[in-house]
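Given the coordinates of chain H, assemble chain D onto it according to the supplied hints.
Going down the list, the protein sequences come from chains H and D. Heads up: the first sequence begins at 1 in our numbering, then just goes up one per residue. Heads up: the second sequence begins at 1001 in our numbering, then just goes up one per residue.
By construction, these hints were calculated from the structure, which means they are not laboratory data. There could be a bad hint or two in this list.
[Claimed, not checked] Computed footprint of chain D on chain H, listed as stretches where at least three residues anywhere in the stretch have a Cβ under 8 angstroms from a Cβ of chain D:
1) 50–60
2) 128–134
3) 196–207
[As the list claims (entries may be wrong)] Computed cross-link-like contacts, DSBU-like style, restricted to lysine-lysine with a CA-CA straight-line distance of at most 30 angstroms:
4) 76(H) / 22(H)
5) 1120(D) / 122(H)
6) 58(H) / 1164(D)
7) 1142(D) / 58(H)
8) 1142(D) / 134(H)
9) 22(H) / 58(H)
10) 122(H) / 76(H)
11) 22(H) / 1120(D)
12) 76(H) / 104(H)
13) 22(H) / 213(H)
14) 104(H) / 1184(D)
Keep in mind that this is a model prediction, so the values were computed, not measured. For glycine and all other residues, C-beta sits at the position ideal for the given N, C-alpha and C.
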Amino acid sequence: MQKIAIVDYGMGNLRSVYQAVKHVADGHEVVLTHDPDVVASADKVVFPGQGAMRDCMKNLNESGLRAVVETAAREKPFLGVCVGMQMLFEHSEEADTTGLGIFKGRSLRFPAALMIDENGQKLKVPHMGWNNVKQVRQHPIWQGIENNARFYYVHSYFVHPADTDLVIGVSDYPFTFCGAVAQGQLVAVQFHPEKSDTAGLQLYRNFVNWDGKSSS
Amino acid sequence: MALAKRIIPCLDVTDGRVVKGVNFVGLRDAGDPVEIARRYQEQGADELTFLDITASSDNRDLILHIIEDVASQVFIPLTVGGGVREVADIRRLLNAGADKVSINSSAVTNPQLVADAAGKFGSQAIVVAIDAKNTGSEEFPKWEVFTHGGRKNTGLDAIEWALKMEAMGAGEILLTSMDRDGTKIGFNLPLTRSVSDIVNIPVIASGGVGNLQHLVDGVLEGHADAVLAASIFHFGEYTVQQAKEAMRAAGIEVRL
Chain H
1 MQKIAIVDYG MGNLRSVYQA VKHVADGHEV VLTHDPDVVA SADKVVFPGQ GAMRDCMKNL
61 NESGLRAVVE TAAREKPFLG VCVGMQMLFE HSEEADTTGL GIFKGRSLRF PAALMIDENG
121 QKLKVPHMGW NNVKQVRQHP IWQGIENNAR FYYVHSYFVH PADTDLVIGV SDYPFTFCGA
181 VAQGQLVAVQ FHPEKSDTAG LQLYRNFVNW DGKSSS
Chain D
1001 MALAKRIIPC LDVTDGRVVK GVNFVGLRDA GDPVEIARRY QEQGADELTF LDITASSDNR
1061 DLILHIIEDV ASQVFIPLTV GGGVREVADI RRLLNAGADK VSINSSAVTN PQLVADAAGK
1121 FGSQAIVVAI DAKNTGSEEF PKWEVFTHGG RKNTGLDAIE WALKMEAMGA GEILLTSMDR
1181 DGTKIGFNLP LTRSVSDIVN IPVIASGGVG NLQHLVDGVL EGHADAVLAA SIFHFGEYTV
1241 QQAKEAMRAA GIEVRL
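Next up, chain H with everything else stripped away, as it sits in the complex:
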């Protein structure tokens, strides 16, 4: 039995992440924790994030969890979700915030001037709702999920990675942006699998079953 830790660094409600992972955990232990030792001893780590990135980074720094999260992100099967994905990068335009810098690149706001669809209608920010995710690279996390399946997004900033080889999934709003990245034992998604019905549960199931290798 493996232990899957969901890191709770005090940024709001992680209950839905916990419930969804537990729903597909198939007997494995799932813990929602703010204890660095529990994160350190876990086999796999889910790193969610919601709200403002500056608050997320501040809370992570003050929680005493930053060091174990950074170690986990380099060593264990690790899944960043939403702002938890953005925090893995060097910087965010949101309140000029420095991230963990595990990946090179930064988060940008959807630029107001570009937010018009093909019919000339205004596109709203936050990008909120169900959008297709195109699987631009094969990865075990996509196992059993149809290409272009819809996932639920809520965000105003998106990751712009310096290394485009990281990108495994993209969406259009209206331009193509990065929806998922992966490298080694690390995966991160901008959308919310815990709110994405069967496709989202399948993604968490894939994470639970994953051996941490990039190819299956």
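Below, chain D without anything else, positioned relative to chain H:
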């Protein structure tokens, strides 16, 4: 390949039971929130909204148990509204498993609540519900914000109010036309379009849906980002799936 327009069934809850939406064939327990929520999820609902209409304050906490139960089994976004007065109410609902909390009258009496809540929980978690009524003429409408189920005119201009709520940190607007609510003659499209075109946050159209064309109109003519309906789904007239098929046939992006 684009963001889908959302269909959101709305469930009225009182004293821990769903009071509308109990007409599904084969429900073991009519009124059981979890079973009804699951039916809607299976039909392809993009989100669910629970409106707590519990009259007695003694039974207010019952909604928390409902949300806990639903959130443990239904993995789509859940919005809860009704009786939200302070930040502590919002925290309780979010902790119970709601993804968004809708604020209506309290935003009028205390606009700072919206800013405080958005600051604490993020704009994505805060929906401001606006109930608007035309106090002008058909040709030159004036939409004003009403509270207390449409009984009390606040004197606030609905469009100005929507802009103010966006500026205060609302992440979404749930816009109900009180002129249309319950009429089944369709959304108030000029109202929906005026608000949706002026704000930059998503707008959910509500009030007046009687058939599937109304949902299509809400998106194509009202420019709504999402459409909310209660009775057409609750009484089994249409499934969410049928609604989505009608929208797709009209050229609207949906999740099917």
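Going through the hints against the structure:
1. Here the stretch 50–60 of chain H counts 3 residues with a CB under 8 angstroms from a CB of chain D, which clears the bar of 3, and the coverage holds.
2. Under a criterion of three residues with beta carbons nearer than 8 angstroms to beta carbons of chain D, the stated coverage of the stretch 128–134 of chain H is upheld, 6 such residues being counted.
3. Look at the stretch 196–207 of chain H against chain D: 4 of its residues bring a Cβ nearer than 8 angstroms to a Cβ of that chain, three or more, so the hint holds.
4. Restraint check: the Cα-Cα separation between residue 76(H) and residue 22(H) comes to about 19 angstroms, which is no more than 30 angstroms; the hinted pair holds.
5. Restraint check for residue 1120(D) and residue 122(H): satisfied, since their Cα atoms lie roughly 28 angstroms apart, inside the 30 angstroms limit.
6. Between residue 58(H) and residue 1164(D), the direct Cα distance comes to roughly 29 angstroms. Compliance with the 30 angstroms bound is thereby established for this hinted pair.
7. Note on residue 1142(D) and residue 58(H): the hinted pairing is violated, with a Cα-Cα distance of about 45 angstroms set against a maximum of 30 angstroms.
8. For the given pair, residue 1142(D) sits about 44 angstroms from residue 134(H) by alpha-carbon distance, which is inconsistent with the 30 angstroms threshold.
9. Taking the CA atoms of residue 22(H) and residue 58(H), the gap is about 28 angstroms. The hint holds against a cut of 30 angstroms.
10. With a CA separation close to 42 angstroms, the supplied pair residue 122(H) and residue 76(H) exceeds the 30 angstroms bound.
11. In summary, the hint linking residue 22(H) to residue 1120(D) is supported, as the alpha carbons are separated by about 27 angstroms, within the 30 angstroms threshold.
12. Straight-line distance between C-alpha atoms of residue 76(H) and residue 104(H) comes to about 19 angstroms, which keeps the hinted pair within the 30 angstroms bound.
13. A threshold of 30 angstroms between alpha carbons decides the hint, and for residue 22(H) with residue 213(H) the separation of about 22 angstroms falls inside it, so the pair holds.
14. At roughly 54 angstroms between alpha-carbon atoms, residue 104(H) and residue 1184(D) are farther apart than 30 angstroms, so this suggested pair is violated.
The structure is inconsistent with the numbered hints 7, 8, 10, 14, although it conforms to all the rest.
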